[in-house]
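Residue-level listing of the chains:
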Amino acid sequence: MKFVDEYRDAELGRAVAGEILATVEPGRHYKLMEVCGGHTHSIYRYGVDDLLPENVELVHGPGCPVCVIPMGRLDDAISLSHQPNVIFTCFGDMLRVPGSHGTLLDAKAEGADIRMVYSPLDALRMARENPDRDVIFFAIGFETTAPSTALTLKRAKAEGLTNFFCMCNHVMILPPLRALLESPDLRLDGFIGPGHVCTVVGARPFDFIPVDYNKPIVIAGFEPLDLLQAIQMILQQLKDGRCEVENQYARVVPTDGNLRALEVMSEVFALRPHFEWRGLGFISQSALKLSDAYADFDAELRYEVPGVRVADPKACQCGEVLKGVIKPWECKVFGSACTPEHAIGTCMVSPEGACAAYYNFGRFAREREVV
Amino acid sequence: MDSSAAPERCITCSDEGLPMRVVQLPRADGIAVCSDESGVEHEVAVDLLEPVAVGEEILVHAGVAIAMACIPESARRPERMTA
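So the sequence lines, in the order shown, correspond to chains A and B. First residue of the first sequence: 0, per numbering that gives the first Met the number 0; consecutive thereafter. First residue of the second sequence: 0, per numbering that gives the first Met the number 0; consecutive thereafter.
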């Protein structure tokens with residue numbers, strides 16, 4: 000398909016890898032963060048990191064919504080799923096994320112009516128088809144996903160549905176990036192920017208990274224050549240002494256984003272004063288709730304939820320992985336107590352989680368051999 | 000660059016943007032028929048885009064089109080990647 004095949008060309012990939020090699024300064028170590036879980040997945044799926052010089056290190060960022068959802072929110076979701084007469088809907092990966100007393104999949108096995116959906120519009124259809132049941136959609140995701148929830152709620156309101164509700168966990172990518180940049184734990188040289196988030200928000204909101212923190216960022220697509228070229232562009236900025244927001248994914252990302260999507264989001268959502276991120280703690284103004292105009296659709300107002308903060312399991316080091324402080328295989332339980340089949344931490348649940356990406360694409364074996 | 004062994008992806012965490020081609024213009028409810036890379040047809044809400052035309056390529060996330068893939072040709076293929 001157009002825009003896909005040409006970005007998987009192995010010969011061009013080797014040529015860009017050669018450019019990267021020619022751009023780096025020997026003796027200097029480069030630490031670049033790929034913000035988005037989709038980039039993490041592509042890097043390991045296509046072996047992009049194998050084409051990089053040893054002194055270019057990729058660090059995984061917090062851009063995996065499943066990975067950053069705190070256990071307490073899962074407990075709230077499970078509590079909602081057990082409410083009588085409720086059909087609880089969510090994306091597939093949420094089913095396996097552990098709360099403090101099991102997963103949504105466990106709740107389903109206990110009799111809760113939990114259904115996987117591909118789109119919030121599927122949940123809306125269920126509400127239409129089941130007027131005598133309450134249908135709750137468990138909304139997660141960054142700015143890429145929030146418009147689909149917003150559009151769905153707008154439709155629900157226009158149709159006058161009274162049995163459709165949303166438990167909103169939408170988060171935004173900029174606040175955790177700022178938190179990471181303020182963190183003394185981590186020294187980064189540049190960022191690979193999240194391509195599809197930028198189709199919605201545009202490139203401009205990332206200006207603070209070069210302006211306030213003097214770091215380059217290149218917004219990148221998800222094919223292997225996209226990533227290689229973005230890495231080369233960051234390294235070139237560092238070599239030239241430049242520090243800018245550049246858009247490698249210009250074939251899709253407009254500078255100002257998708258104004259219609261932003262408009263619908265601002266109608267349906269309001270900022271939460273603060274929100275807990277797994278491994279990162281509470282970050283102010285980093286998440287969305289339903290606006291007053293959509294309060295009737297808020298599952299947390301319709302039903303009482305525990306709302307209790309739950310600490311992560313002691314053995315789990317997802318927080319350090321999410322901040323890029325340690326590599327997945329450096330976690331004490333990686334590949335032993337924590338595997339994709341029996342995940343302790345969220346980073347092992349989603350295929351885009353750094354731990355699952357390492358595990359699924361053979362990094363587990365390779366890194367252990369190195370040790 | 001083989002991807003055949005890839006596991007299923009998470010819609011949100013993968014920041015999924017599936018390229019699709021518009022096959023049938025949207026109905027009154029804003030739902031258009033679009034085909035994916037494999038030719039499989041899907042119902043996609045296109046309300047968040049400017050009016051789409053049959054044959055146009057769009058990016059789809061969670062059943063909703065979030066972007067056009069129709070930015071000018073010169074910007075589609077990064078300069079350094081010309082064969």
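Just to be clear, a hint being listed does not mean it is correct.
Have a look at the derived ranges for each label pair, beta carbon to beta carbon [unchecked claim]:
id, chain 1, residue 1, chain 2, residue 2, range
1, A, 49, B, 37, 38 to 48 angstroms
2, B, 24, A, 255, 36 to 46 angstroms
3, A, 204, B, 24, 47 to 57 angstroms
4, A, 81, B, 22, 39 to 49 angstroms
Facing chain B, according to a computed beta carbon distance under 10 angstroms, are these residues of chain A, among others [unchecked claim]:
id, residue
5, 27
6, 141
7, 195
8, 252
9, 256
10, 257
11, 259
Hints were generated in silico from the structure; no laboratory data involved. Here a beta-carbon is modelled for each residue, glycine too, at the ideal position from N, C-alpha and C.
Check your understanding: Which earlier hints turn out false for this structure, listed by number in ascending order?
Key -> 1, 2, 3 and 5
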